[in-house]
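Engineer: Turn these sequences into a full structure, and let the hints guide you.
The lines below spell out each chain.
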Amino acid sequence: MAELGTMSLLLAFALALYAGVGSVVGARLGSGDLVMSSRRSSYMAGLALAVAVGALVYAFVTHDFSIEYVRGHSDRAQSQAFTWVAMYAGNEGSLLYITAIFTAMSMVSIYVSPRRLEPSRPYIIAVLMGITVFFLAVLLTLADPFAPAAFDAGRGMGVNPLLRHPGMFIHPPLQMAGLVGVAIPFAFVAGAMIAGQTRDQWLDAARVSAIAVWAVLSAGVLIGAWWAYTILGWGGYWGWDPIENVAIMPWLVLTAFIHSVMVQKRRGMFRMWNVALLSMIFVLGQFGLFINRGGPVVSVHSFGASTIGSIFLGFMLFSAAFALVIFLWRYPALKSDRPLESFLSREAGFLVNNFLFLGVTFVTLWGVLFPLFSEFANNETVTVSAPWFNRINGPILLAIVILMGIGPLLPWRRTTMTSVQRWLTIPIGIGMVTMATIWISGVHELWAVIGFGALSLVMSAVLEEWYRGTMAQRRAGHNFASGWWRMVSGNRPRHGGYIVHIAIIALGIGVIGTSFFQQRADVALAPGESFTLDEYRVEYVNTENEQREDRISEWANVNVFKGDEQIAELAPWRAFYPAFNMASVRASIHNVPLVDIPGFPEYLNPGLEDLYIVPNEFLEDGRVVLRISINPAAWWLWISGPVFIIGTVIALWPAPLLERRTVPAHRRIPSTPQPAESVGV
Amino acid sequence: MPIVLGALVAIVSLVVIAIPFLRRSGEAVSIRLSGELERLTKLRSDLYDQIGQLQTDHAANTISDDDFSHQLLELRVGAAETIRLLDQLGYEEEPKDPPASLTRESLEDEIAALREVNSQQRSGTDE
Chain U
11 MAELGTMSLL LAFALALYAG VGSVVGARLG SGDLVMSSRR SSYMAGLALA VAVGALVYAF
71 VTHDFSIEYV RGHSDRAQSQ AFTWVAMYAG NEGSLLYITA IFTAMSMVSI YVSPRRLEPS
131 RPYIIAVLMG ITVFFLAVLL TLADPFAPAA FDAGRGMGVN PLLRHPGMFI HPPLQMAGLV
191 GVAIPFAFVA GAMIAGQTRD QWLDAARVSA IAVWAVLSAG VLIGAWWAYT ILGWGGYWGW
251 DPIENVAIMP WLVLTAFIHS VMVQKRRGMF RMWNVALLSM IFVLGQFGLF INRGGPVVSV
311 HSFGASTIGS IFLGFMLFSA AFALVIFLWR YPALKSDRPL ESFLSREAGF LVNNFLFLGV
371 TFVTLWGVLF PLFSEFANNE TVTVSAPWFN RINGPILLAI VILMGIGPLL PWRRTTMTSV
431 QRWLTIPIGI GMVTMATIWI SGVHELWAVI GFGALSLVMS AVLEEWYRGT MAQRRAGHNF
491 ASGWWRMVSG NRPRHGGYIV HIAIIALGIG VIGTSFFQQR ADVALAPGES FTLDEYRVEY
551 VNTENEQRED RISEWANVNV FKGDEQIAEL APWRAFYPAF NMASVRASIH NVPLVDIPGF
611 PEYLNPGLED LYIVPNEFLE DGRVVLRISI NPAAWWLWIS GPVFIIGTVI ALWPAPLLER
671 RTVPAHRRIP STPQPAESVG V
Chain E
1496 MPIVLGALVA IVSLVVIAIP FLRRSGEAVS IRLSGELERL TKLRSDLYDQ IGQLQTDHAA
1556 NTISDDDFSH QLLELRVGAA ETIRLLDQLG YEEEPKDPPA SLTRESLEDE IAALREVNSQ
1616 QRSGTDE
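These protein sequence lines map, in sequence, to chains U and E. Our numbering puts the first residue of the first sequence at 11, with every later residue one more than the last. Our numbering puts the first residue of the second sequence at 1496, with every later residue one more than the last.
Certain hints may be false.
[Stated by the list, open to error] Within a straight-line C-alpha distance of at most 27 Å, the following computed DSSO-like cross-link-like pairs (lysine-lysine) qualify: (1) U:LYS275 x E:LYS1537; (2) E:LYS1537 x U:LYS345; (3) U:LYS275 x U:LYS345.
Since the hints were derived computationally from the structure, they do not count as laboratory data.
Structural biologist: Encoded structure:
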């Protein structure tokens, strides 16, 4: 299979190179045949890469330890299921995966790109294939996943213990696809700029691809948070780790773009700004690859320092220069058609939203880069940890949430202060009442109270908007449900966006609950001893263990009581992997409803809190060191995921199909003296 | 076997990318034309959407009457101009579900009436 893999990589390289160069030459020479041939070549590059991926997966599944990469990342003892996904467990295989998924996304993008982008398409293909050629060149020279092993020992190392988790099947593929996929919307805008289509021809293609990539990144980040929560053993889900940061930065700027692109679509404004945002997203994506692929920052996620880090740094700098040159070249043609008429308008709201998102991005970027600068300038190692990020980014994120409540109620173009006051009275009133109620009920964490107030402001703003829209439909003769649906389907991007705002509210509840109200204790218990945390008594019963070929596993059997009632028997475990000299833990999490709702399924009870137990160490004297946490509202973090997806699907759902109908000649509008440019045609 | 499979993929790729050079086609003009049609239909569809949204906002009382009239007129003029250009290209498709109270017929009737009024006003001014 190594031969097939290497052949496929070489073939993909040749096809991608031909596609990139041929499309530009074809466009310059006016050769439609050459352009079409190049386009087909980009599709075939995708096919060749699919064969390469298939060859590597086959090598894993058949335990072909004559390939060094397979030997280093699998063994016969590990679960067979993980051999199917072990191909992206290491540097070389994951690079093959991102090359293949990027090329697949490129194929789809090229295939479905609108005909109005026909003049730009050769350049779009060139940008996409240029990136593919870079990845393939690295694969063929510095990170060959098919390189032979020095000797075939008949067994392998096994996959990294931290990766042996169900999250492995979803999180890495989504995260890597999202990070590399940010190049797709950039390719649309870069191709259009090169071809001189500098107005809004690229807008829909860039918008749709950006939202799709944003959804993939969102799902990747959220599933990664869940994975960290269950396996890393510290009871948290987000640690502002450098690799988490480089994944969240393109997401933040993509979020800004998804908002500001609506202004360009609706009002023909922010064109230059949107081109700049897409360029920034592209460069941040490259920055993420650099940090991830042997960059200088140490992280639980990265592949460690390697020579390809500097290659990716060079490619990132080239990408930045390329984006900057294109932007400066087309700068005069990107000016907006209209000025901002008023700061009391939705456009202004989106602009402030964009500044806030960029603020969080630059704070996060500074937190990633500062240790590097410090080491370079002072030869001093500095770590920027989670509290610093929380202290700086927390208030900015709170401002974004508040703006989420206010922005949607502002109309386009302009309004009066009186109107604003009228629309905001109810949401702000509900926000204030929520804060007062929480404070009176005995919760005196100021930032948490303000946070809950802001979230209720957003929720009431969405509900107010939906209520007004639905009532307008009711006046037109529809009932409440069909009226609501007609309103949503009449403007899917907007109302899909509101559903995403509701997902953010759920996420916010989870973040506030787990950040401000978590209780935690680390205790060493002998068999039969118990420890009480808040209302829960945790009794350590005994330890069981099992020795396998690749690991030694130990379980701590514990009983959990609430009052006198036993509510759970849990068995958190810890395994030691001698081949890696590494331990991996798996938390036991019991969801406890704070309030029983009769007839309501427990897993849907919004009042759940997590009792989280993880064994940090099994001592020789028979005691076990347990970390016990109570994480209120963690349920809300995970429920936000499906809501995100529903909102994104509604926002992206295509417009009604067209039907053919003959327009009688006498009804056709006659020619008019009005110039087409005056109405933006 | 793997080498045969690799060679097969290479041959298929070569054939696929060679096909455009082997057949005669005069697609360039029609592609340019369909690109323009697509641009105009997309623009028309966007304008229809914006009119629908504006009507919804107005019905929900989130936009003043003055702003509504002003913005609606601007959008309707844009839609009419787009339809005229589409007609010149011989295009005969219609969105399945135009926004409420905005069928092509009503829009065209309304704009034709507006033009009539405008031309009468102009001729009155000229006189």
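Engineer: Look at each hint and say if it fits the structure.
Structural biologist: Right, here's what the structure says about each hint:
1. U:LYS275 x E:LYS1537: With a Cα-Cα distance of about 12 Å, the restraint between LYS275 of chain U and LYS1537 of chain E holds, given a limit of 27 Å.
2. E:LYS1537 x U:LYS345: holds (22 Å)
3. U:LYS275 x U:LYS345: Roughly 14 Å between the alpha carbons, so the hint for LYS275 of chain U and LYS345 of chain U holds.
Consistency note: the structure conflicts with none of the earlier hints.
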